[in-house]
Amino acid sequence: MRKELYDLKVRLLGTLIVCIALFFIVAPFQKLSVSLLEGYEKIPGTSKIMEKLIPQGFVENLKEWNFYINSQWFGKNFGQLVPIIGIILGFPLFASETEKGTIQFILARRRRLWVFTTKSIAGLIALLVITAISTLLPSFFSIVIGKQYNHQVIPHFFIHTFFGSMLWYSTSVFFSVIADDQVKPLIASLGLLAATTVLGLLKPLKFLNTFSYALGTDVFRTGKANFTLTVWMATSSVVILLSAMKLFENREF
Amino acid sequence: MVLKVENLKKYYGKKREIRAVDGISFEIQEGEIFSLLGPNGAGKTTTIKCILGLRKPTSGSIQFSGQYGIAYVPEGKELYENYSVERMIATAEELTENFDAKRCWKLTEEFNIPFREKLANLSNGEQTLLYIALTLSQRADLYIFDEPTLGLDPIARNKVLERIRAIPIENEGAAVLYTSHILSEVEKISDKVAILCNGKIAEMDLLDNMKEKFCSIVLENVKLPDLPFIVKYKSTSSENVYITYRADAERLGFECKPASLEMVFEAVIMNQVENSNKG
Chain Z
1 MRKELYDLKV RLLGTLIVCI ALFFIVAPFQ KLSVSLLEGY EKIPGTSKIM EKLIPQGFVE
61 NLKEWNFYIN SQWFGKNFGQ LVPIIGIILG FPLFASETEK GTIQFILARR RRLWVFTTKS
121 IAGLIALLVI TAISTLLPSF FSIVIGKQYN HQVIPHFFIH TFFGSMLWYS TSVFFSVIAD
181 DQVKPLIASL GLLAATTVLG LLKPLKFLNT FSYALGTDVF RTGKANFTLT VWMATSSVVI
241 LLSAMKLFEN REF
Chain D
1 MVLKVENLKK YYGKKREIRA VDGISFEIQE GEIFSLLGPN GAGKTTTIKC ILGLRKPTSG
61 SIQFSGQYGI AYVPEGKELY ENYSVERMIA TAEELTENFD AKRCWKLTEE FNIPFREKLA
121 NLSNGEQTLL YIALTLSQRA DLYIFDEPTL GLDPIARNKV LERIRAIPIE NEGAAVLYTS
181 HILSEVEKIS DKVAILCNGK IAEMDLLDNM KEKFCSIVLE NVKLPDLPFI VKYKSTSSEN
241 VYITYRADAE RLGFECKPAS LEMVFEAVIM NQVENSNKG
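So the sequences go chain by chain: Z and D.
If you use our numbering, the first sequence corresponds to residues 1 to 253, in order.
If you use our numbering, the second sequence corresponds to residues 1 to 279, in order.
If you're looking for bench data, these hints aren't it; they were derived computationally from the structure.
Computed from a predicted structure; not experimentally measured.
Beta carbons: idealized from backbone N, C-alpha and C, even for Gly.
Check each hint, because a few of them may be wrong.
Simulated pairs of lysine-lysine, DSS-like, Cα-Cα distance not exceeding 30 angstroms [what the hints assert, rightly or not]:
id: 1; chain 1: D; residue 1: LYS56; chain 2: Z; residue 2: LYS184
id: 2; chain 1: D; residue 1: LYS278; chain 2: D; residue 2: LYS200
id: 3; chain 1: Z; residue 1: LYS31; chain 2: Z; residue 2: LYS42
id: 4; chain 1: D; residue 1: LYS4; chain 2: D; residue 2: LYS213
id: 5; chain 1: D; residue 1: LYS200; chain 2: D; residue 2: LYS213
id: 6; chain 1: Z; residue 1: LYS246; chain 2: D; residue 2: LYS4
id: 7; chain 1: D; residue 1: LYS118; chain 2: Z; residue 2: LYS184
id: 8; chain 1: Z; residue 1: LYS246; chain 2: Z; residue 2: LYS9
id: 9; chain 1: Z; residue 1: LYS100; chain 2: D; residue 2: LYS106
id: 10; chain 1: D; residue 1: LYS188; chain 2: D; residue 2: LYS213
id: 11; chain 1: Z; residue 1: LYS100; chain 2: D; residue 2: LYS118
id: 12; chain 1: D; residue 1: LYS15; chain 2: Z; residue 2: LYS246
id: 13; chain 1: Z; residue 1: LYS246; chain 2: D; residue 2: LYS56
id: 14; chain 1: D; residue 1: LYS211; chain 2: Z; residue 2: LYS3
id: 15; chain 1: D; residue 1: LYS14; chain 2: Z; residue 2: LYS100
id: 16; chain 1: D; residue 1: LYS106; chain 2: Z; residue 2: LYS3
id: 17; chain 1: D; residue 1: LYS9; chain 2: Z; residue 2: LYS100
id: 18; chain 1: Z; residue 1: LYS9; chain 2: D; residue 2: LYS118
id: 19; chain 1: D; residue 1: LYS9; chain 2: Z; residue 2: LYS246
id: 20; chain 1: D; residue 1: LYS14; chain 2: Z; residue 2: LYS246
id: 21; chain 1: Z; residue 1: LYS100; chain 2: D; residue 2: LYS56
id: 22; chain 1: D; residue 1: LYS9; chain 2: D; residue 2: LYS56
id: 23; chain 1: Z; residue 1: LYS100; chain 2: D; residue 2: LYS159
id: 24; chain 1: Z; residue 1: LYS100; chain 2: D; residue 2: LYS102
id: 25; chain 1: Z; residue 1: LYS184; chain 2: D; residue 2: LYS106
id: 26; chain 1: Z; residue 1: LYS3; chain 2: D; residue 2: LYS102
id: 27; chain 1: Z; residue 1: LYS48; chain 2: Z; residue 2: LYS203
id: 28; chain 1: D; residue 1: LYS188; chain 2: D; residue 2: LYS232
id: 29; chain 1: Z; residue 1: LYS147; chain 2: Z; residue 2: LYS76
id: 30; chain 1: D; residue 1: LYS14; chain 2: Z; residue 2: LYS184
id: 31; chain 1: Z; residue 1: LYS246; chain 2: Z; residue 2: LYS100
id: 32; chain 1: D; residue 1: LYS223; chain 2: D; residue 2: LYS159
id: 33; chain 1: D; residue 1: LYS56; chain 2: Z; residue 2: LYS3
id: 34; chain 1: Z; residue 1: LYS42; chain 2: Z; residue 2: LYS147
id: 35; chain 1: D; residue 1: LYS159; chain 2: D; residue 2: LYS211
id: 36; chain 1: Z; residue 1: LYS9; chain 2: D; residue 2: LYS102
Some chain D residues close to chain Z (C-beta under 7 angstroms, calculated; not the full set) [claimed, not checked]:
id: 37; residue: GLY76
id: 38; residue: THR91
id: 39; residue: LEU95
id: 40; residue: THR96
So here's chain Z without its partners, still in its complex pose:
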């Protein structure tokens, strides 16, 4: 496990730094965002366009801290990164070893099941650390700057961000197992994410859009995690990981 965590170190720290930096681009600028939007509304000719783009009362709602930080952090900036974080952590896990030929070094020493389990769990630990820290940021920041914040939504948002990224982590691990180089699993995962998102815009295929889950829309609306969708996300992730394990056990190197 030490080797796997060491291999993940750069990606883990890099992704974490990006998330934290992104948070500090969003969180301290509530007043600026509100005043900018209000300013746009006052420009002659733009108010009609603004009405179409922004729901009524949205700017007013943004003045409320809970609404601002939850919508801008979970519902926009970090939320959009959630599936990509899963892909970033998953795609090189096996493909990198296959591409560099180092997979023989491991497989000559350890059973395939051990190799798969260790690598997958190490990736999941990294995913857990990133999603947990990123989810806790609004809570910590609110305490530091003395803003009133509803901390109870944090575990619910965490469930959505973790399982939302885990699905794409599993998918990229699956592609990583079958690929001979690192480019293919990255492109395949990102392509599938784009395809499911676009197809999910069609009403009958709405279920394909994983972003609505990852952004925590239900937590935002109801204050609670969507239990049914979470079970679906978790089950799908486990099924994809088990399929990847089966493929890895039978793959020739």
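Fit chain D to the known structure of chain Z by using the hints.
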């Protein structure tokens, strides 16, 4: 017996038309150094990968018996280039059962590998030596070396060969499966040799027996005698050197000269290729 390979076949392609390994059988006894020789594409690496479980055989059986497992130096010798030598040894210790880190440090020192250096900064030869040091520090029942001395200078090569030769002595009951294109190396260390061609074992015997079994004869430009095995090794303007079975040559009264492993290897491969072309 450490390893028994029986009628191993490994075919590729949709119609299984590529026969990388085509029904080979051999055994490796405890304490034995067994060399698998053959030209490029003969099936040596595929055989090794089947033994290690990296490739699935099409048919046949592989029986390994031992308590410590198999240690392996692959042809490519790929290690983690972003690691330092120190980290690489620590990683090997984490991943390898029965790994002696102290021994590995000693070998690294003996091979003059700078241990704080990143692997990417090491020469190909140093990386190869590090891979060999990592493998030799593992207690195993079978040590597999696939072209271990590729890219090593003669001094380093001799050190490695000495170490490989010492494996059955230092690790009681351990055996070695060795492949190399450098036949002088094979002659130095092997107990038993198998010559692989087109996925089949063309010849297999104890090294001394094999060299004894064949001999070279010199024929002036005359009609070839009718022998079951006769292959031209080299020719000059006045005479030709042929490799044949010693027993046949002596029966027909030819003057037999010893044949080196290199001569035997070339003759066996040429004969096999000729036969398969005829077939």
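Hints, one by one, checked against the model:
Proposed proximity of LYS56(D) and LYS184(Z) is supported: the alpha carbons are some 24 angstroms apart, at most 30 angstroms. Only pairs whose Cα atoms come within 30 angstroms are accepted, and LYS278(D) paired with LYS200(D) is accepted, the gap being roughly 16 angstroms. Restraint check: the Cα-Cα separation between LYS31(Z) and LYS42(Z) comes to about 17 angstroms, which is no more than 30 angstroms; the hinted pair holds. Between LYS4(D) and LYS213(D) the CA atoms are separated by roughly 25 angstroms; this keeps the pair inside 30 angstroms, and the hint holds.
Between LYS200(D) and LYS213(D) the alpha-carbon distance is near 20 angstroms, which keeps this suggested pair within the 30 angstroms criterion. Proposed proximity of LYS246(Z) and LYS4(D) is supported: the alpha carbons are some 28 angstroms apart, at most 30 angstroms. Restraint check: the Cα-Cα separation between LYS118(D) and LYS184(Z) comes to about 28 angstroms, which is no more than 30 angstroms; the hinted pair holds. Of the pairs offered as hints, the one joining LYS246(Z) and LYS9(Z) holds, with about 27 angstroms between alpha carbons and a cut-off of 30 angstroms not exceeded.
Simply put, LYS100(Z) and LYS106(D) have alpha-carbon atoms about 27 angstroms apart, close enough for the 30 angstroms limit, and the pair holds. Of the supplied pair hints, the one linking LYS188(D) and LYS213(D) holds, its CA atoms being roughly 18 angstroms apart against a limit of 30 angstroms. Note on LYS100(Z) and LYS118(D): the hinted pairing holds, with a Cα-Cα distance of about 16 angstroms set against a maximum of 30 angstroms. Simply put, LYS15(D) and LYS246(Z) have alpha-carbon atoms about 25 angstroms apart, close enough for the 30 angstroms limit, and the pair holds.
Between LYS246(Z) and LYS56(D) the alpha-carbon distance is near 15 angstroms, which keeps this suggested pair within the 30 angstroms criterion. The suggested pairing of LYS211(D) with LYS3(Z) is violated, with an alpha-carbon distance near 48 angstroms, which exceeds 30 angstroms. At most 30 angstroms may separate the alpha-carbon atoms for a hinted pair to count; LYS14(D) and LYS100(Z) meet this at roughly 27 angstroms. At most 30 angstroms may separate the alpha-carbon atoms for a hinted pair to count; LYS106(D) and LYS3(Z) meet this at roughly 23 angstroms.
Distance check on the hinted pair: LYS9(D) and LYS100(Z) sit about 28 angstroms apart at the alpha-carbon level, within 30 angstroms; holds. At roughly 17 angstroms between alpha-carbon atoms, LYS9(Z) and LYS118(D) fall within 30 angstroms of each other, so this suggested pair holds. About 24 angstroms separates the Cα atoms of LYS9(D) and LYS246(Z), which keeps this hinted pair within 30 angstroms; it holds. Taken as a hint, the LYS14(D) and LYS246(Z) pair is honoured in the structure, with Cα atoms around 22 angstroms apart against an allowance of 30 angstroms.
Using a Cα cut-off of 30 angstroms, the hinted pair LYS100(Z) and LYS56(D) holds, with the two alpha carbons roughly 21 angstroms apart. In summary, the hint linking LYS9(D) to LYS56(D) is supported, as the alpha carbons are separated by about 10 angstroms, within the 30 angstroms threshold. Between LYS100(Z) and LYS159(D) the CA atoms are separated by roughly 28 angstroms; this keeps the pair inside 30 angstroms, and the hint holds. With a CA separation close to 28 angstroms, the supplied pair LYS100(Z) and LYS102(D) stays within the 30 angstroms bound.
A threshold of 30 angstroms between alpha carbons decides the hint, and for LYS184(Z) with LYS106(D) the separation of about 41 angstroms lies outside it, so the pair is violated. With a C-alpha separation of about 20 angstroms, the suggested pair LYS3(Z) and LYS102(D) falls inside the 30 angstroms cut-off, and the hint holds. Of the supplied pair hints, the one linking LYS48(Z) and LYS203(Z) holds, its CA atoms being roughly 27 angstroms apart against a limit of 30 angstroms. At most 30 angstroms may separate the alpha-carbon atoms for a hinted pair to count; LYS188(D) and LYS232(D) meet this at roughly 26 angstroms.
For the hint linking LYS147(Z) to LYS76(Z), the alpha-carbon distance of about 21 angstroms falls within 30 angstroms, and the restraint holds. For the proposed pair LYS14(D) and LYS184(Z), the alpha carbon gap of about 24 angstroms is at most 30 angstroms, so the pair holds. For the given pair, LYS246(Z) sits about 22 angstroms from LYS100(Z) by alpha-carbon distance, which is consistent with the 30 angstroms threshold. A distance of roughly 48 angstroms separates the Cα atoms of LYS223(D) and LYS159(D); the hinted pair therefore is violated under the 30 angstroms criterion.
Under the criterion of a C-alpha separation no larger than 30 angstroms, the hint pairing LYS56(D) with LYS3(Z) is consistent with the structure, at around 27 angstroms. Distance hint between LYS42(Z) and LYS147(Z) is fulfilled; the C-alpha atoms sit about 29 angstroms from each other, no more than 30 angstroms. About 26 angstroms separates the Cα atoms of LYS159(D) and LYS211(D), which keeps this hinted pair within 30 angstroms; it holds. The straight-line distance between the Cα atoms of LYS9(Z) and LYS102(D) is roughly 27 angstroms, inside the 30 angstroms bound, and the hint therefore holds.
Interface restraint check: GLY76(D) against chain Z, minimum CB-CB distance 5 angstroms, threshold 7 angstroms, status holds. The restraint placing THR91(D) at the interface with chain Z holds, with a minimum CB-CB distance near 5 angstroms, inside the 7 angstroms limit. With its C-beta approaching chain Z no nearer than about 5 angstroms, LEU95(D) sits inside the 7 angstroms limit, and its interface hint holds. Because the closest C-beta pair between THR96(D) and chain Z is about 5 angstroms apart, less than 7 angstroms, the hint holds.
When held up to the earlier numbered hints, the structure conflicts with 14, 25 and 32 and fits the remainder.
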